[in-house]
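Q: Residues per chain, in single letters:
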Amino acid sequence: MSLQLRGFHIPLLSPLDLTVADGWLVTLFGPSGAGKSLMLRAIADLDPHQGECLVDGILQSSLPPPRWRRLVGLLPAEPQWWYDRVGDHFPAGGRQFLEPLGLPPECLEWEVSRLSSGERQRLGLARLLENEPRVLLLDEATANLDRHNTGRVEQLIRQQARQRGLAVLWVSHDPEQRQRLSGRSLRIHQGRVERATWS
Amino acid sequence: MELIRLTPLDLAIAAALILALAALSWQLHLGVGKRLLVSAARSLVQLTLLGLLLKLIFAQSDPWFIGAMLLLMSLIAAREIRARQARPFRGLWGYGIGGGTMFVSALALVLLATRVIIQVDPWFTPQYLIPLFGMLLGNTMSGIAIALDGLSRSAWRQRPVIEQRLLLGESWQQAIGDIRQEALRSGLIPIINQMSVAGLVTLPGMMTGQILAGSPPLEAAKYQILILLLVAAGVGFGTMGAIWIASRRLFDERQRLRLDRLRSR
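Those protein sequences? They're chains A and B, same order as listed.
In this text, residue positions in the first sequence follow the UniProt record's numbering: the first is 1, and each later residue adds one.
In this text, residue positions in the second sequence follow the UniProt record's numbering: the first is 1, and each later residue adds one.
No wet-lab data here; the hints were simulated from the structure.
The reader is advised that the hints may include incorrect statements.
Said to hold, decoys possible - Taking beta-carbon pairs under 7 Å as the criterion, some of the chain A residues facing chain B (in silico):
hint, residue
1, ASP45
2, LEU63
3, PRO65
4, PRO66
5, ARG69
6, ARG70
7, LEU74
8, GLN80
9, TRP82
Stated by the list, open to error - The following label-pair restraints were derived from C-beta to C-beta distances:
hint, chain 1, residue 1, chain 2, residue 2, range
10, B, GLY96, A, SER117, 39 to 47 Å
11, A, ALA196, B, ARG249, 57 to 65 Å
12, A, ALA77, B, ARG265, 54 to 62 Å
13, B, ARG248, A, GLU78, 26 to 34 Å
14, A, ARG192, B, ARG90, 26 to 34 Å
15, A, GLN96, B, VAL116, 46 to 54 Å
16, B, PRO190, A, ALA143, 41 to 49 Å
Ideal Cβ placement from N, Cα and C applies to all residues, glycine included.
Using the sequences and the accompanying hints, generate a full structural model.
A: Have a look at this one:
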């Protein structure tokens, strides 16, 4: 699976050409307010933008928006919940990714209002992966997690990228994490997306 | 029964009560005193003018003139719907969605009432058409205004949830379904309550008026039932139409939530 951007353009940033190939994990960093989250939102077609965005050669505009958004799974920095019970947010059952994320099966019976921010984040990832996206867009996916759970999330994402050939674009503020995750990182600097490391 | 005529003094006694209420509100810093006085003064002036005007209008037999009256009433109501929303749509949509659905709904039902049910001859006889249309319009306006206000407020507040649902692959109808249902309910609840307590707790305004003016109570009741049912249908269809169009307008052709189409405060 690959993610391709051609002349991709959002208001804060200059046009961008980028390919994230199958199994690649690319990290993205830059100062707050630089447009990292906006870029992910635009790729998920949540905000208006210009230029082309393709997954496996399929144009964003050629797919109905719900199908496109399932194809490119975006995990926001604060995943949202709207039913009272955790399990009601998992149409496909929800058990598949709980264990690798260190969550007990009974968490599906928990009340959402009692979840910690770290649990919300891990459950948000489990819910997203259940959709079987082909591209993963992660917005600070481990911001609320301790070192142990951060390791679990990183391992699961790496494994998914390798086994299912996912293209992953991961916004991360932590330099050590970026180094652990990937040799490819992008930096937003003065309104431009640049390659920081690319090996 | 002879109609007992009201003197200006009679009305002044009732007006004194509103003054007392405003004074109390001012004393207790409730902040509604001024609005209370302004709206009471408005109703006094508007109804007096209406009384004078209706006398002239009822003497009219030109359907175009009566049509123009209905249109004028609708335009004022459309403006009122927009004014009652904290975050109306920008531009003409702010008037068009609420005003358009209200006009279509009220007009369809008033035509049904005068042509099919009451069978007034001619059907545009202003004594029937204008008060019926006014009653339908007023209630539909309230229902639509409440519902649209609820919809836009909730969409604004629950933006992260709506977008999360879109991100998980839901359609715009699914993503805003709960909010839409809630808005619709809030628009319909006043008329539902009104119907369920009519005659038990409240004696509806029109029936009270008719009885005070000397109509036999059973005739007044029949008209009141007709009006209540028509009003409920008008509020229901109008509000459903407005909520459907407004919620569609909250999303663009790529099913993105477009809160920039609402006016910010």
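Q: Of the numbered hints stated earlier in the document, which are not met by this structure?
A: Going through the list in order, the structure violates hints 2, 11, 12 and 15 and respects the others.
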